[in-house]
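Trainee: Below are the chains, spelled out letter by letter.
There are 2 protein chains.
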Amino acid sequence: MAHREANRITGVQTHKNAPPHSASLYFSPGAPGEERMAEQAVDSTSGTRFTPLVALELASNTKEEAIVWLLSRIRDKQQNGGADLLVEQLGPGAGDQKKENPNVFLVGSTWQRLLSGAEDVGLFKEYNDGSMRGFTCANKHNFTDFNGEGEGFLSMAECQYIVKHELDTLRAIKETHVPGHTNAKLYPGKSIVRRLQSKGILIQMFPLHHQDELKRLSFSWYKKVKLSLQPLDAIRHYFGEGQALYFGFLEYFTFALIPMAVVGIPYYTFDWEDYDKYVMFAVFNLVWCTVILELWKRFSASLAYRWGTLSRKKAFEEPRPGFHGVLGFNPVTGREEPLYPNTKRQLRVYLVSVPFVLLCLYISLYGMMIYFQMEGWALSVHDDNPNFWTGILLFIPSIIYAVVIEIMNLAYRYVAEFLTEWENHRLESSYQNHLVLKVLVFNFFNCFASLFYIAFVMQDMVLLRQSLATLLITSQILNQFMEAFLPYWLQRRRNKKMIRKVQKTKTLQDVELPLADQVRLEADMSTYLGTFDDYLELFLLFGYVSLFSCVYPLAAVLVVLNNVTEVYSDAFKMCRVFKRPFLEPATNIGVWQLAFEAMSVIAVVTNCALIGLSPQVKDYFSESETQLILWIVAVEHGLLALKFILAYLIPDVPKHIHIKLARLEFESLEALKKKKMLEAAELSKGVQ
Amino acid sequence: MAHREANRITGVQTHKNAPPHSASLYFSPGAPGEERMAEQAVDSTSGTRFTPLVALELASNTKEEAIVWLLSRIRDKQQNGGADLLVEQLGPGAGDQKKENPNVFLVGSTWQRLLSGAEDVGLFKEYNDGSMRGFTCANKHNFTDFNGEGEGFLSMAECQYIVKHELDTLRAIKETHVPGHTNAKLYPGKSIVRRLQSKGILIQMFPLHHQDELKRLSFSWYKKVKLSLQPLDAIRHYFGEGQALYFGFLEYFTFALIPMAVVGIPYYTFDWEDYDKYVMFAVFNLVWCTVILELWKRFSASLAYRWGTLSRKKAFEEPRPGFHGVLGFNPVTGREEPLYPNTKRQLRVYLVSVPFVLLCLYISLYGMMIYFQMEGWALSVHDDNPNFWTGILLFIPSIIYAVVIEIMNLAYRYVAEFLTEWENHRLESSYQNHLVLKVLVFNFFNCFASLFYIAFVMQDMVLLRQSLATLLITSQILNQFMEAFLPYWLQRRRNKKMIRKVQKTKTLQDVELPLADQVRLEADMSTYLGTFDDYLELFLLFGYVSLFSCVYPLAAVLVVLNNVTEVYSDAFKMCRVFKRPFLEPATNIGVWQLAFEAMSVIAVVTNCALIGLSPQVKDYFSESETQLILWIVAVEHGLLALKFILAYLIPDVPKHIHIKLARLEFESLEALKKKKMLEAAELSKGVQ
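As they're listed, the protein sequences go chains G and S. Under my numbering, think of the first position of the first sequence as 1, with each following residue one higher. Under my numbering, think of the first position of the second sequence as 1, with each following residue one higher.
Isolated chain G, as found in the complex (with noise of 0.2 Å):
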């Protein structure tokens, strides 16, 4: 077999001959039946074969005695306060040993560690009953696919994960600072792992990707042309909660928006909108924004169920890592730690962060002026010598506009981002709420601004419509370029170049990398950064067909057309251009909910006011405008009041889930009370 021929060639020592059976004590991924064994490393100290989850890359200037104690407290037990882990440095891959970073070690772990680490992160799991418990080591063997010593009982993403959670809580115990680096101070009980990477040392962090189990999952998931579901648990499997929750609300999204497209083809070809049927559906737009966001969440929430993270219990949140401040007590923990007040951090974000965005979303204003100087030109243009190039001129400024809005957005997104690390969060979900918001106003602002300016200013429906098309279509072509065609071509130049060099060398026939060139490439490919933008694009797409579709039927076709492709271009995306991302464990997609919800409450809003603006309304209030007005701000409201009542109604937890939680709720109150009650006996006994 090809890759054991490479391993032996790599630097990591494999034991070739160790009897098959002694490798189940350790982690190895997946069920049994797997085509091949992973590839392995030896931790030097024990002695002990282990298959690498997580790799970490220090800086090449690393202090040699700043390594040798970091790998002796990630191996050291944990009653010493270590993370009792196993790790080894990896071997030279085939390229330029002079540019490769030696310092790139492979971390792993024994079986009986995960597990009990999957009970420190209190991971859920499926029990013999077929409901979702909190995992224990205690009472293991009641889990459904627990055997034996419990291989395959943990993906490997979840595996990964708790290397993570355990490396990030290994604390400093006496240490004042980091062997050989004076600068890099430590606190007690602070995270060691946390501090190397503010101070640089420690350059990432990262999980490795499985390679068989990749390609069954891309194979299954985009490489096939088919007419089914994305395969959303075995996404989960090898990416965790947060992405297949990312990629089940994109599937969702474009299921719910198909009714609105089928609807919406005979609209634009026949020119329905001529008549009654625009407000109809208006209406049909409204009903329909509310409806699927309120059974996403019961969707979401089975989704969460069956993937353990419901009833999941939040861990205490570290501070950032790029947190700092000046040292003080910790009011909650009591430990010494460096605090930040939070006037100073209001001040920042209200006397500066605050204006900077005013003047962002002035600025915006200002570009869009312009381009409604370029069309008023454009349009004179055509008109003192109508052509086949002044016809397409009059596509020119709405092109441009879509373009520059595009480049704001990613400008905006930089600037919002270093402004939101100035204002120095100490928790992460503060950061990612005070970026969230920023972001979001302005690309509301920056993508629909001319569209409302259009439709209720200069109340020109035509120009409403042609400016719609020009900016879905734009913005979706520009997206799905930069996004996954424009890092898979700078990905495939850099992984061509690696694979020449190892055939240079090796002239082996097999493509597959050894593990020490696999460990690199994958070091050097981009960070997935979250799923913030996918999220955002969602968003922004949510917005065009729910605040204007009425006006542009065509426009859900296109989004459910631009959502097959994200599809298979985001799968892509995730499967070759990024590193493998650690598992997020996600309840809900989040803030995304009360961003679409507001969105289709300000669609409510929107859809009503064109409904004024239709012709055969305005047709029907002839004699008094005041009368049509009072009569659309009364419907808008009944229908704002509807929407709200109608949230309220429908369960955020469908019945059977909600039966699941209460019966293990009323199970864990029932066991409290007979251990009290034995608790009693035995005291009456002794008192007796």
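Quick caveat, the hints were computed from the structure, so don't treat them as lab data. The reader is advised that the hints may include incorrect statements.
Stated by the list, open to error - Computed cross-link-like contacts, SDA-like style, restricted to lysine to any residue with a CA-CA straight-line distance of at most 20 Å:
id, chain 1, residue 1, chain 2, residue 2
1, S, Lys675, G, Cys137
2, S, Lys297, S, Leu594
3, G, Lys674, S, Asp120
On the provided structure of chain G, position chain S as indicated by the hints.
Mentor: Positioned in the frame of chain G, the structure of chain S alone reads:
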């Protein structure tokens, strides 16, 4: 001492010569320094003296064997499935022996039992580090007020709550029916007390008053004329958190109204409403509504934290006593019990209750129309022959209408209770939600429909002001009368009769009643039905102020005056008119917070519309009515958005409490981690 004398006469056998220190083992309310010992009873089986906490009244035709069985179940040890409480029959009182029900029982408990019960119900108490923690017997000595055996650690109300909980959770074991009552079936694991209640065998179960504590409380609460706040902590100590939160809210609401009242007086006296200030008052109104509701959330969180209910977990909810259905297996507990299909209940709700509520709303509208006809008739009579009597006649329709509204509200309330009972909700919380919703919708409609009609259809601001004043004043007078003075008067008659009887037989000078008579007197008092009606009244007053006070600024003044008397009459009613209620552990004002917030949203819409109708604003937009309406709608949407953003930005829990809660959570996580680490260390030792 008179009461000792009395004790000997009553049927309760008091061990008069028992050594005083032995009493400290059993419940005795209040801190040291008590003026007199509480009245005591003796458990005939164990022979222990105890202070009665809760009275049980069984039907006078209850079979002897049922009584013997129930008492033995109550007295039985916990490991045998009993409640392990002390219980004794109440002796005959001074009244007519034939008319008196002999089956009244007094229940008490030992301190030991109460403390373990406190752990069962999850009571939170102050820990020695100043935080609030769930009480556990294991580390009872670390709680602040725990001295010696724990006397005075639990308030009497808490003890009564614990006794109630233990009685409620006394479950059938193998009994198939109540002995002697074959129709009262029992199922293993179901509550005995609830079954006895639903079968009419247990007439009532109520906590006893403590005359000395009550005297002290009423003196500091409503008996002295003072300019101080209510003694909320003392109210909570005697009546529990639910009551104390109501009185806290009443006081908070009154203080919140004072700025409105202060601004309102010059508006009214100097007729400012004809000037620009009318708009200013409406805007002030808007901001005020939002801000006070948000601040109340924070204030109530502070109170709930101080009282230890904020982090308390909800207990598993048992079915309501009145719930019935076909025998089946509960999907949550797996026990055999009556089930009622949800679809059947939904059918009852949507096919009967909803149409009925709509019918009632129609009747209410019909009543309103009759009122307007009467109003028109009175006006025409006055116009024909204007004199003093026809001047008074002008007010008659409003007063009649106000009385009719109150009667309709009352009648509807009874029907709503009947309907909600008939809907056969399984849980008390679901019953309450359906009842509150029904009553709120109708009361809102009934009270405010005429005002909305006058304001927006008739657009007659003078009539609006007059109707508002009449409605407000009449309903306040009626409420105070119905709520406090009528029940008091009835109660007083009964009291006097009882005292006269006691005096007749004993010719005592002291009007203090002996225990047996006191318990019977309390048993005859009306039952306090919870804070529902009190909150409803505040809700409607809030509506009058927030919706229309810009046209009648004196409304706030009237409501402040009403609230001041309301504090006194409610306090009086709680202390003197009603049976003592069981403590309700409340974290917040629950569904009422939602109701008040819904009202404040409606207030934004109403006030914006009133601004739009004001002559000044109309003058400003004199050219175009359309422009005016569009501006008003835009302002309204902006204000609503601002309201939601404010509600989102203001944290619901004050920061210092948030830190305390986070610290508690952190500590429990740390303790868990430590425990796991120790276990791992022991395990590895065992392996070696």
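Trainee: Hint by hint, say whether it matches the structure.
Mentor: Here is what the structure says about each hint:
1. S:Lys675 - G:Cys137: 14 Å, holds
2. S:Lys297 - S:Leu594: 11 Å, holds
3. G:Lys674 - S:Asp120: 12 Å, holds
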